[in-house]
Amino acid sequence: MNEKTMTEEQHFTEVIAEESICTNENLVFEKTNILTDTPMHYCPGCGHGVAHRLIAEAIDELNIQDKTVGVAPVGCSVFAYNYFDIDMTEAPHGRASAVATGIKRVLPDKYVFSYQGDGDLAAIGTGETIHTCNRGENILIVFINNGIYGMTGGQMAPTTLVGMKSTTTPFGREVEVMGNPLKITELIAQLPGVYYCTRVAVNTPVNVRKAKKAILNGFKYQELKKGLSFVEVVSNCPSNWKMTPVDSNKWMEENMFPFYPLGDLKVPGKEN
Amino acid sequence: MKELKLMKGNEALAEAAILTGCDGYFGYPITPQSEILEYLALEARKRTGMVVLQAESEVAAINMIYGAAGTGKKVMTSSSSPGISLMQEGISYIACAELPCLLVNVVRGGPGLGTIQPSQGDYFQAVKGGGHGDYKMIVLAPSTVQEMADHVKLGFDLAFKWRNPVMILSDGALGQMMEKVQLPAQLPRSTETPSWATVGKPKTRERNILTSLHIQPDKMQDINLHLQKKYSDIEKEEIRFEKYECEDAEIILVAFGLVARICQKAAQFAREKGVKVGVFRPITLFPYPYNELNKLADQAKGILTVEMNAGQMVEDVRLAVNGKIPVEFVGRMGGIIPTPEEILHKLEERFVGEMA
Chain A
1 MNEKTMTEEQ HFTEVIAEES ICTNENLVFE KTNILTDTPM HYCPGCGHGV
51 AHRLIAEAID ELNIQDKTVG VAPVGCSVFA YNYFDIDMTE APHGRASAVA
101 TGIKRVLPDK YVFSYQGDGD LAAIGTGETI HTCNRGENIL IVFINNGIYG
151 MTGGQMAPTT LVGMKSTTTP FGREVEVMGN PLKITELIAQ LPGVYYCTRV
201 AVNTPVNVRK AKKAILNGFK YQELKKGLSF VEVVSNCPSN WKMTPVDSNK
251 WMEENMFPFY PLGDLKVPGK EN
Chain B
1 MKELKLMKGN EALAEAAILT GCDGYFGYPI TPQSEILEYL ALEARKRTGM
51 VVLQAESEVA AINMIYGAAG TGKKVMTSSS SPGISLMQEG ISYIACAELP
101 CLLVNVVRGG PGLGTIQPSQ GDYFQAVKGG GHGDYKMIVL APSTVQEMAD
151 HVKLGFDLAF KWRNPVMILS DGALGQMMEK VQLPAQLPRS TETPSWATVG
201 KPKTRERNIL TSLHIQPDKM QDINLHLQKK YSDIEKEEIR FEKYECEDAE
251 IILVAFGLVA RICQKAAQFA REKGVKVGVF RPITLFPYPY NELNKLADQA
301 KGILTVEMNA GQMVEDVRLA VNGKIPVEFV GRMGGIIPTP EEILHKLEER
351 FVGEMA
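In the order they appear, the protein sequences are chains A and B. The letter at position 25 of the first sequence is residue 25 when you use my numbering, and the numbering goes up by one with no holes. The letter at position 276 of the second sequence is residue 276 when you use my numbering, and the numbering goes up by one with no holes.
Hint data in this document are derived by calculation from the structure and do not stem from the laboratory. Take the hints with a grain of salt, since some may be wrong.
No more than 27 Å apart at the CA atoms, straight line, and that leaves these computed lysine-lysine pairs for DSS-like [as the list claims (entries may be wrong)]:
| id | chain 1 | residue 1 | chain 2 | residue 2 |
| --- | --- | --- | --- | --- |
| 1 | A | 242 | A | 183 |
| 2 | A | 220 | B | 203 |
| 3 | A | 212 | B | 2 |
| 4 | B | 153 | B | 2 |
Ranges between beta-carbon positions, derived for each pair [unchecked claim]:
| id | chain 1 | residue 1 | chain 2 | residue 2 | range |
| --- | --- | --- | --- | --- | --- |
| 5 | B | 294 | A | 167 | 52 to 60 Å |
| 6 | B | 213 | A | 31 | 18 to 26 Å |
| 7 | B | 213 | A | 269 | 38 to 46 Å |
| 8 | B | 229 | A | 245 | 45 to 53 Å |
| 9 | B | 45 | A | 22 | 52 to 60 Å |
| 10 | B | 202 | A | 26 | 30 to 38 Å |
| 11 | A | 167 | B | 242 | 52 to 60 Å |
| 12 | A | 36 | B | 42 | 44 to 52 Å |
| 13 | A | 245 | B | 31 | 50 to 58 Å |
| 14 | A | 226 | B | 224 | 42 to 50 Å |
| 15 | B | 215 | A | 167 | 19 to 27 Å |
| 16 | B | 31 | A | 63 | 43 to 51 Å |
A short, non-exhaustive set of chain B residues, derived as facing chain A with CB atoms under 7 Å [to be verified]:
| id | residue |
| --- | --- |
| 17 | 60 |
| 18 | 200 |
| 19 | 213 |
| 20 | 242 |
These numbers were taken from a predicted model, which means no experiment stands behind them. Note that beta-carbon positions come from the ideal geometry of N, C-alpha and C, so glycine has one too.
Could you build the full structure based on these sequences and the hints that come with them?
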C-alpha cells in the first residue's frame with residue numbers, strides 16, 4: 001500500500017467518523033442484510049460482486065433467508081459462501097446443480113440456487129447442467145459467463161470467443177483446434193424442464209436492474225414448481241482479459257454481447 | 001415371532017432402507033446391484049414418501065447425496081465397483097465436510113470393466129481411502145442376506161453418530177443370492193434437523209456452511225487433525241468381528257463377507273480330519289480388529305487369509321499379527337468364489353505338514 005492510498009483511506013475514515021453527516025437523511029445506499037461483512041476476494045471491476053449483491057437483495061426482499069440454501073461452485077466464486085448470510089454448500093467442480101438437486105429433492109419447499117461459472121457449468125459440469133435442466137428441478141441456476149477460467153489464471157473456457165487469447169490459446173481460440181464457443185444457455189432453453197431462461201449483464205445501471213429482476217423471477221418461480229430458472233450473467237474478467245475494468249466492460253459490449261445477446265430466451269406464458 | 005421372508009440380498013437391503021426410515025436414495029443402474037434402485041422405485045415413495053431418483057451418472061448421484069446429506073436427511077446410494085470409482089471425489093468431499101450417509105458397494109470383479117461376478121477387489125479402495133486426501137469411511141462387511149438388511153440401520157446409526165460416510169462392502173453373490181431374512185418393523189422417518197444442516201438460516205443462529213475448502217494450511221491441518229481424532233475414536237468404539245470355533249483353534253482362517261461362511265465349511269472339514277481350525281471374521285473393515293487378531297496369534301500356529309482378490313485384507317492381517325506366526329493367503333479373482341475344498345487343500349498344504 002503506498003502513501004497516497006493510505007492517506008485517502010485515513011481521510012475516508014475521518015469523514016465517516018464525523019457523526020454530523022452519519023444521519024438517516026444522508027443515507028442513500030447501504031449494505032444488503034444478506035451479505036456478510038467479509039471483504040470480497042474478487043478483483044477490482046469484476047462482475048461477481050454485483051451479481052452476489054443482486055442475489056442477496058433478492059433473498060432479502062423476498063424475506064426468504066430462512067428458507068434458502070445456496071450452492072457454491074469451484075472457480076472464482078468458490079468462496080461465495082463467505083459472502084452470503086445464508087446456509088450454503090460448496091460443491092465439487094461442475095457438480096453444483098447435482099448438489100442443488102439433492103438439497104431440493106429432500107427439501108422441496110425451500111429455495112435452492114446454484115451459482116456457477118462457465119468452466120464449472122459448461123465444461124466439466126455439462127452433463128449435470130443438462131440433466132438438472134431436463135429434469136426440471138425447481139431451482140435457480142445463476143451462470144456467470146466471462147469466457148475464461150479466472151481462478152486458475154486465464155485458461156480457455158468453453159465460452160471463450162473465437163480468436164480470443166487465453167493462456168491455453170495463446171494465439172487466440174482456433175475453431176479447427178478447440179471448436180466453437182458453447183452457447184449452453186441456448187441449448188438448455190430448448191428443454192421442456194426449463195421454465196425461465198434469460199441472459200443479462202451487470203455492466204450498466206439499466207442492465208443491473210434487469211439482472212435483479214431476472215434473479216427475483218428465478219426465486220419466485222420456485223414456488224410454482226414448474227421447472228428450472230436459468231439466469232446467465234455475461235460478465236467480464238479484467239485480470240485475465242488483461243484490461244482495466246472500464247476497458248473490459250467496453251470489450252465485453254463489443255465482443256461478448258454480439259455472440260451472447262442479452263435478453264429473454266424463455267419466458268413463462270410466452271411462445272418462444 | 002417375526003415373519004421370515006425369502007429375499008435377494010439387494011432387495012433385502014432396499015427393503016431395510018424403507019423400513020429404517022431412509023429419506024432419499026440417489027443412484028445409477030449397474031450390475032449386479034440394479035435391483036436396489038428398481039425395488040426402491042417400485043416400493044419406497046408410496047410407502048414412506050422417500051425420495052428415489054435415478055441420476056444421470058454415479059458422479060451426479062454422489063453429489064446429490066452430498067447435497068441431500070447436508071440437509072441432515074438420511075440418504076443413501078448404491079453402486080458396484082466401476083460406479084464406486086466414479087464416486088470417489090464426492091466421497092472425499094463428503095468425508096471432509098463430515099456428512100452422514102450410507103454408500104453400498106456390491107462389488108464385482110475388476111480391474112476395469114471386469115466382470116459382473118462377485119469379488120472383494122475393492123477392499124483397498126473402501127478401507128484405505130479410495131479418493132484423495134486422508135479420510136476414512138466406516139466400512140461394514142455383511143456375510144449373509146440377513147446382514148445385508150441389518151447393516152442398513154447399523155450403517156445409518158454409525159453415520160449419524162460419527163457424522164461420517166459409512167460403506168456397506170458387499171459382493172455380487174450376496175447381492176444376487178436369496179436367503180431367509182427377518183425384517184424389522186417400520187420406523188418413522190426422522191423429523192429432527194441436526195444443528196449443522198443447511199436447511200435455511202433462521203435469525204436465531206449463525207449460517208451453516210458445508211465445505212471442504214480451507215485454503216490456509218494451518219486451518220486445513222486442524223481439520224485433518226480433527227478428522228484423525230475422530231477416526232481414532234471410531235477405532236476405540238466401533239470394532240465389530242465374529243469368531244467361529246476359535247477357542248481351541250491351532251489354525252485360524254481369516255476372511256470377511258461371504259468368504260467367511262465358506263471358511264466355516266472348510267473349518268468343519270478340517271475338524272472332521274482332526275485339525276483344529278477356527279474362523280475369524282472382521283465385520284467392520286474400518287475400524288479393523290487388529291488387537292483381537294493379534295491376541296489370536298498368541299494361541300494359533302498359523303493364519304490363512306482367504307479373499308476374492310489378489311490379497312488385500314491380508315496386509316491388515318499381517319499388520320495385526322506383526323510376525324508372531326506365519327500368515328498365508330489364498331485368493332480367487334475374476335469373479336470366482338473359492339470352494340471349501342480348495343481352502344482346505346491350501347490349509348493342509350501350508351500348515352498341516354508342519355503341525356504333524
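Hints and how they fare:
1. About 24 Å separates the Cα atoms of residue 242 of chain A and residue 183 of chain A, which keeps this hinted pair within 27 Å; it holds.
2. Between residue 220 of chain A and residue 203 of chain B the CA atoms are separated by roughly 21 Å; this keeps the pair inside 27 Å, and the hint holds.
3. For a cut-off of 27 Å, the pair hint linking residue 212 of chain A to residue 2 of chain B is broken: about 60 Å separates their Cα positions.
4. At roughly 17 Å between alpha-carbon atoms, residue 153 of chain B and residue 2 of chain B fall within 27 Å of each other, so this suggested pair holds.
5. Taking the beta carbon of each, residue 294 of chain B and residue 167 of chain A are about 55 Å apart, inside 52 to 60 Å as hinted.
6. Separated by about 24 Å at the C-beta atoms, residue 213 of chain B and residue 31 of chain A satisfy the suggested range of 18 to 26 Å.
7. Distance hint for residue 213 of chain B and residue 269 of chain A: a CB-CB separation of about 41 Å, consistent with the stated range 38 to 46 Å.
8. Residue 229 of chain B and residue 245 of chain A have their C-beta atoms about 46 Å apart, which keeps the hinted 45 to 53 Å range intact.
9. Distance hint check: the CB atoms of residue 45 of chain B and residue 22 of chain A are about 57 Å apart, consistent with the given range 52 to 60 Å.
10. A hinted range of 30 to 38 Å holds for the C-beta pair residue 202 of chain B and residue 26 of chain A, which are about 33 Å apart.
11. Our hint of 52 to 60 Å for residue 167 of chain A and residue 242 of chain B holds, since their Cβ atoms are close to 58 Å apart.
12. Checked against the given bound of 44 to 52 Å, the beta carbons of residue 36 of chain A and residue 42 of chain B, roughly 46 Å apart, stay inside it.
13. Distance hint check: the CB atoms of residue 245 of chain A and residue 31 of chain B are about 55 Å apart, consistent with the given range 50 to 58 Å.
14. At about 45 Å, the CB distance of residue 226 of chain A to residue 224 of chain B agrees with the hint of 42 to 50 Å.
15. Remark: the range hint 19 to 27 Å for residue 215 of chain B to residue 167 of chain A is upheld by a beta-carbon distance near 22 Å.
16. At roughly 49 Å, the beta carbons of residue 31 of chain B and residue 63 of chain A sit within the given window of 43 to 51 Å.
17. The criterion of a C-beta within 7 Å of any C-beta in chain A is met by residue 60 of chain B, whose closest approach is roughly 4 Å, and the hint holds.
18. Of the supplied interface hints, the one on residue 200 of chain B holds, with its beta-carbon coming within about 4 Å of a beta-carbon of chain A, less than 7 Å.
19. Because the smallest distance between the Cβ of residue 213 of chain B and any Cβ of chain A comes to about 6 Å, under 7 Å, the interface hint for this residue holds.
20. Nearest Cβ of chain A to the Cβ of residue 242 of chain B: about 35 Å, over the 7 Å cut. The hint is violated.
Checked against the numbered hints given earlier, this structure breaks hints 3 and 20; the rest are met.
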